[in-house]
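A.B. asks: Sequence:
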Amino acid sequence: MIEVIKHGILSTVQDEGRYGYQHIGVPVCGAMDKSAARIANLLLGNNKNDAVLEMALMGATLRFTTHTYIVLSGTKWPAFLDDQPITSLRPYFVKAGQVLRFGSPLEGGQPHTNIAYLAVLGGVQTPIIMGSRSCDMKNKLGQAPLKNGDVLPILPIKAPSNRLHKDIEQFKIYIESNLGNQKKRTIRVMKGWHWDKLSSSSQEDFIHSTYVVTPASNRMGFRLEGQKLTLTEPINMLSESTVFGTIQLPPAGQPIVLMADRQTTGGYPKIANVIWADLGYIAQIPPNASIQFELCSLEKAHELYLDRKEKWKKLEQSLTPMKELQELVIR
Numbered sequence: 001m002i003e004v005i006k007h008g009i010l011s012t013v014q015d016e017g018r019y020g021y022q023h024i025g026v027p028v029c030g031a032m033d034k035s036a037a038r039i040a041n042l043l044l045g046n047n048k049n050d051a052v053l054e055m056a057l058m059g060a061t062l063r064f065t066t067h068t069y070i071v072l073s074g075t076k077w078p079a080f081l082d083d084q085p086i087t088s089l090r091p092y093f094v095k096a097g098q099v100l101r102f103g104s105p106l107e108g109g110q111p112h113t114n115i116a117y118l119a120v121l122g123g124v125q126t127p128i129i130m131g132s133r134s135c136d137m138k139n140k141l142g143q144a145p146l147k148n149g150d151v152l153p154i155l156p157i158k159a160p161s162n163r164l165h166k167d168i169e170q171f172k173i174y175i176e177s178n179l180g181n182q183k184k185r186t187i188r189v190m191k192g193w194h195w196d197k198l199s200s201s202s203q204e205d206f207i208h209s210t211y212v213v214t215p216a217s218n219r220m221g222f223r224l225e226g227q228k229l230t231l232t233e234p235i236n237m238l239s240e241s242t243v244f245g246t247i248q249l250p251p252a253g254q255p256i257v258l259m260a261d262r263q264t265t266g267g268y269p270k271i272a273n274v275i276w277a278d279l280g281y282i283a284q285i286p287p288n289a290s291i292q293f294e295l296c297s298l299e300k301a302h303e304l305y306l307d308r309k310e311k312w313k314k315l316e317q318s319l320t321p322m323k324e325l326q327e328l329v330i331r
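1 is the number of the first residue of the sequence shown in the UniProt record's numbering; add one for each residue after it.
Hints should not be assumed to be uniformly reliable.
[Claimed, not checked] Lysine-lysine pairs mimicking DSSO-like chemistry, simulated, CA-CA at most 30 Å apart: (1) K311 to K76; (2) K313 to K184; (3) K300 to K311; (4) K6 to K48; (5) K6 to K76; (6) K6 to K147; (7) K311 to K184; (8) K309 to K323; (9) K76 to K313; (10) K314 to K300; (11) K48 to K314; (12) K48 to K309; (13) K6 to K140; (14) K95 to K6; (15) K313 to K300; (16) K197 to K300; (17) K76 to K48; (18) K197 to K184; (19) K138 to K48; (20) K95 to K158; (21) K76 to K309; (22) K311 to K48; (23) K323 to K313; (24) K228 to K300; (25) K323 to K158; (26) K300 to K191; (27) K6 to K138; (28) K158 to K147.
Calculated from the structure, these hints are not laboratory results. Since the model is a prediction, treat every value here as computed from it, not as a measurement.
Model the full structure from these sequences, guided by the hints.
C.D. replies: Shown next, in the form of C-alpha cells:
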C-alpha cells in the first residue's frame, strides 16, 4: 500500500485513458503527459497502460507500507526517499516504511515543469471502471483526487536478492531525446476547421505572438492570455466533437487549448489543433509561463507521429529485460 501523508495540490491516479465512451459524453481523461507516464511504466517493466500517480504543480508526500520499485518521470523537481535525493527516469527499490517527498518545484522563481509521475512496479491497483483506472473528476469515475490519509493499493513484491537488486538499479538504457523530460515552449499546431474564419491579422498574431498560460488553466483546458483574436464574421454553430489539443476561440478572443479532461463536444470555433507529438510538451507548461505556436502541415505531423511510434517500439524492445526482472519479484 501507499499512504498519503500530504496530497500536494492535485494528485490523481491516471492511465492512458477511458476510451470508447465519448459518444455518450464520457471524456477520455488519462495522463496529461502520456509520454512521461508511459516511459515511467516501461522503465519498470510495466505495461504502458498501467496506472500511475500524476501530481500537478507540487509533489505529494507518500509512505510505502510494502516493498516496491518506483520510477519518477515528467519532472525536474527535487525528490527524496528518506531524505536521500533520487532522480527521474531511474528505478529505485523502496522498502516498506520509507517515505517519498518532493522539494520545491521552482526553478528561478518559476516552476520548471507542470506535472510529475510516479510509477510503481505492477501499477497502482485502484478499481477499473469502464476499462480504465483514470480519475474523471467531473463524472466521479475512478479514484477521487487524493487527500491526506488516503491509501492506494499496489502489488506486494518479494525482497529481491542483492544481485537482482543491483541489476535493476544499475540497468541503463538510452532514451531518445524527444521521449524524455524536455522543456519545449514552441508548440506545433495544424490549422483547425475554422482557421479560415480568423481575420488575416489574427492568423498572423496567433502564430507570431506570445501567449501566457493563465492560473485558471486545469486538466480540462489551458486558458491563454495574449493578443486578442477576431473572426471575419460571427459563426452560428452547433456543438462539435473535440479532441485532446483542440484550440477553441471563445467570444473574448483568448484561445483555450483543450486538455485531457475536456468535454467531448464544444461550441466554440476550432482554430487549430496541437499535433500529437507535442501534446506532452504543452501539458508540461506551468501557469504563468509563455507559449508560442508554429504551424505544421498534416504530412509533417504524420511523419513526426510515425517517427515517435517507431522510437517507442524500439524502446519497449530494449526494455524487455526489465519485464523479465519484474516477474522475479512480483509475488
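A.B. asks: Each hint should be assessed against the structure and marked as holding or not.
C.D. replies: Going through the hints against the structure:
Proximity of K311 to K76 is assessed by CA-CA distance (about 23 Å); at most 30 Å being required, the pair is judged to hold. Restraint check for K313 and K184: the C-alpha separation of about 23 Å stays at or below 30 Å, so the hint holds. Distance restraint check for K300 and K311: the Cα-Cα separation of roughly 17 Å lies within the 30 Å cut-off, and the hinted pair is therefore satisfied. A hinted pair counts as satisfied when its Cα atoms are at most 30 Å apart, and K6 with K48 qualifies at roughly 27 Å.
With a C-alpha separation of about 19 Å, the suggested pair K6 and K76 falls inside the 30 Å cut-off, and the hint holds. Distance check on the hinted pair: K6 and K147 sit about 7 Å apart at the alpha-carbon level, within 30 Å; holds. Taking the CA atoms of K311 and K184, the gap is near 19 Å; set against the 30 Å cutoff, the hint holds. Under the criterion of a C-alpha separation no larger than 30 Å, the hint pairing K309 with K323 is consistent with the structure, at around 20 Å.
For the suggested pair K76 and K313, the alpha carbons sit about 25 Å apart, so the restraint of at most 30 Å is met. Distance restraint check for K314 and K300: the Cα-Cα separation of roughly 21 Å lies within the 30 Å cut-off, and the hinted pair is therefore satisfied. As the CA atoms of K48 and K314 are separated by approximately 14 Å, the hinted pair is consistent with the 30 Å bound. About 13 Å separates the Cα atoms of K48 and K309, which keeps this hinted pair within 30 Å; it holds.
Between K6 and K140 the alpha-carbon distance is near 22 Å, which keeps this suggested pair within the 30 Å criterion. Between K95 and K6 the alpha-carbon distance is near 19 Å, which keeps this suggested pair within the 30 Å criterion. As the CA atoms of K313 and K300 are separated by approximately 20 Å, the hinted pair is consistent with the 30 Å bound. Between the alpha carbons of K197 and K300 the distance comes to roughly 23 Å, so the proposed pair stays at or under 30 Å and holds.
For the suggested pair K76 and K48, the alpha carbons sit about 22 Å apart, so the restraint of at most 30 Å is met. Taking the CA atoms of K197 and K184, the gap is near 28 Å; set against the 30 Å cutoff, the hint holds. With a C-alpha separation of about 25 Å, the suggested pair K138 and K48 falls inside the 30 Å cut-off, and the hint holds. Restraint check: the Cα-Cα separation between K95 and K158 comes to about 11 Å, which is no more than 30 Å; the hinted pair holds.
A hinted pair counts as satisfied when its Cα atoms are at most 30 Å apart, and K76 with K309 qualifies at roughly 25 Å. Distance check on the hinted pair: K311 and K48 sit about 14 Å apart at the alpha-carbon level, within 30 Å; holds. Simply put, K323 and K313 have alpha-carbon atoms about 15 Å apart, close enough for the 30 Å limit, and the pair holds. Of the supplied pair hints, the one linking K228 and K300 holds, its CA atoms being roughly 28 Å apart against a limit of 30 Å.
At most 30 Å may separate the alpha-carbon atoms for a hinted pair to count; K323 and K158 meet this at roughly 15 Å. For the hint pairing K300 with K191, the CA-to-CA distance comes to about 13 Å; that is within 30 Å, so the pair holds. Taking the CA atoms of K6 and K138, the gap is near 23 Å; set against the 30 Å cutoff, the hint holds. With a C-alpha separation of about 29 Å, the suggested pairing of K158 with K147 holds against the 30 Å cut-off.
Against the hints set out earlier in the document, no violation occurs for any number.
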